[in-house]
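Student: Based on the hints, put chain B in the right spot on chain A.
Residue-level listing of the chains:
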Amino acid sequence: MASLKEMRNRISSVKATQKITKAMQMVAAAKLRRSQDAAESARPYARRLASVIANLAAGVSGDGAPKLLAGTGRDDRHLVVVAAADRGLAGGFTSSIVRAARAHIDGLIAQGKDVRVVCVGKKVTAQLAKPYAGRIVETFDLSSYRQLTLSVAQPIADVITREYEAGETDVVTLFYSRFKSVVQQIPTGLQLIPAVVETGEAASGPTAVYEYEPSEEAILETLLPRNLTVQILSALLDNMAGFYASQMTAMDNATRNAGDMIKRYTLEYNRSRQAQITKELIEIISGAEAV
Amino acid sequence: MAKLHFSLVAPERELFSGEVDMVQAPGAEGDFGVLANHAPFMTTLREGKVTVKDGATTKVFDIQGGFADVGPEGLTILAEHAVEAA
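As given, the protein sequences belong to chains A and B, one line each in that order.
When we follow my numbering, the leftmost residue of the first sequence carries the number 1, and every step to the right adds one.
When we follow my numbering, the leftmost residue of the second sequence carries the number 1, and every step to the right adds one.
Here chain A stands alone, though its shape is the one from the complex (with noise of 0.2 Å):
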């Protein structure tokens, strides 16, 4: 058995662990309550954009329709963009959704398709670059942006441009998780090119007759590139929610398993203390006995 000197060390150093996590704990906590309110606020923008490109494409689908709507009309050469944290210590958080953005890719590979990776934050790049070692096309390291603003979705948004418009990929899918909840983060595949246009709203209702200044297609070739920067965004908001979210239950957890191991041993330095005093008065009676 360990000796009581040797406990000792052991149970400070636990509960010196504690104090890390739980500090984390709550950092992670203020900052969740930060970047939900930074993701919720950043919605309005993303919705309405969304309701007026479906309001646009319904009037100029067919031949004429940009090239970002409508696709190249191939389905070969896919461009995957894997966005998660760069930073650890968040429970499952970037495992869950690189786990998801595998068996995409892999299911696509299998199909015969060329596949191509770009990776938001470090931790995806380390967890992707031996995988799919010769299909990454750029990483991005996202740590030294302390806001993310349209800014900081803009180069990403630039690199999907490029390899769009240099007929280098046909389809283009982001991974990220969406934050539903505190304790749900989900996995998600959001295809970004072509756009997928939500249809049934337009089309219900009474079709005013609008008048485009200037045309609606010139309208449109500015206002696609954006929504493409603006789901980056709210996508890159949505994960930065999310890995809080993830890092603040997974340092609760490992408050709680450190509390539960400092138990766990004091019981156990005890009980050797009480077994030791117990043994030195035996040894004191029994030598004075024998006097």
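The set of hints was computed from the structure by calculation and includes no laboratory data.
Mixed in with the good hints, there may be bad ones.
In silico EDC-like links for lysine to aspartate or glutamate, alpha-carbon gap of 20 Å or less [claimed, not checked]:
hint, chain 1, residue 1, chain 2, residue 2
1, A, K31, B, E12
2, B, K53, B, E84
3, B, K53, B, E12
4, B, K49, A, E213
5, B, K53, B, D21
6, A, K15, A, E213
Tutor: For chain B alone, kept in the frame of chain A given last:
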């Protein structure tokens, strides 16, 4: 007088939402003003000022590009960058 529902939305947050009398905005092909019951109209915006008038109060926002949509339910401006001018 009928009121116009106006909302100004930036990517980060919604800056304004409510009933107003009139909104003036810098359209790509010229400034325009929108009153209640305007005909459906869609345009891109250039950099400039959006002026919101409601009764005696006037609010001014600086925007950098964006997009305006006048529909039956009112006017929506999706701005790329928007701040309320002092």
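Student: For each hint, tell me whether it holds in the structure or not.
Tutor: Taking the hints in turn, this is what the structure says about them:
Taking the CA atoms of A:K31 and B:E12, the gap is about 17 Å. The hint holds against a cut of 20 Å. In summary, the hint linking B:K53 to B:E84 is supported, as the alpha carbons are separated by about 14 Å, within the 20 Å threshold. Annotation: proposed proximity of B:K53 to B:E12 is violated, straight-line Cα distance about 24 Å (limit 20 Å). For the hint linking B:K49 to A:E213, the alpha-carbon distance of about 18 Å falls within 20 Å, and the restraint holds.
Distance restraint check for B:K53 and B:D21: the Cα-Cα separation of roughly 6 Å lies within the 20 Å cut-off, and the hinted pair is therefore satisfied. Taken as a hint, the A:K15 and A:E213 pair is broken in the structure, with Cα atoms around 66 Å apart against an allowance of 20 Å.
Hints 3, 6 from the list above are not met by this structure, while the remaining hints are.
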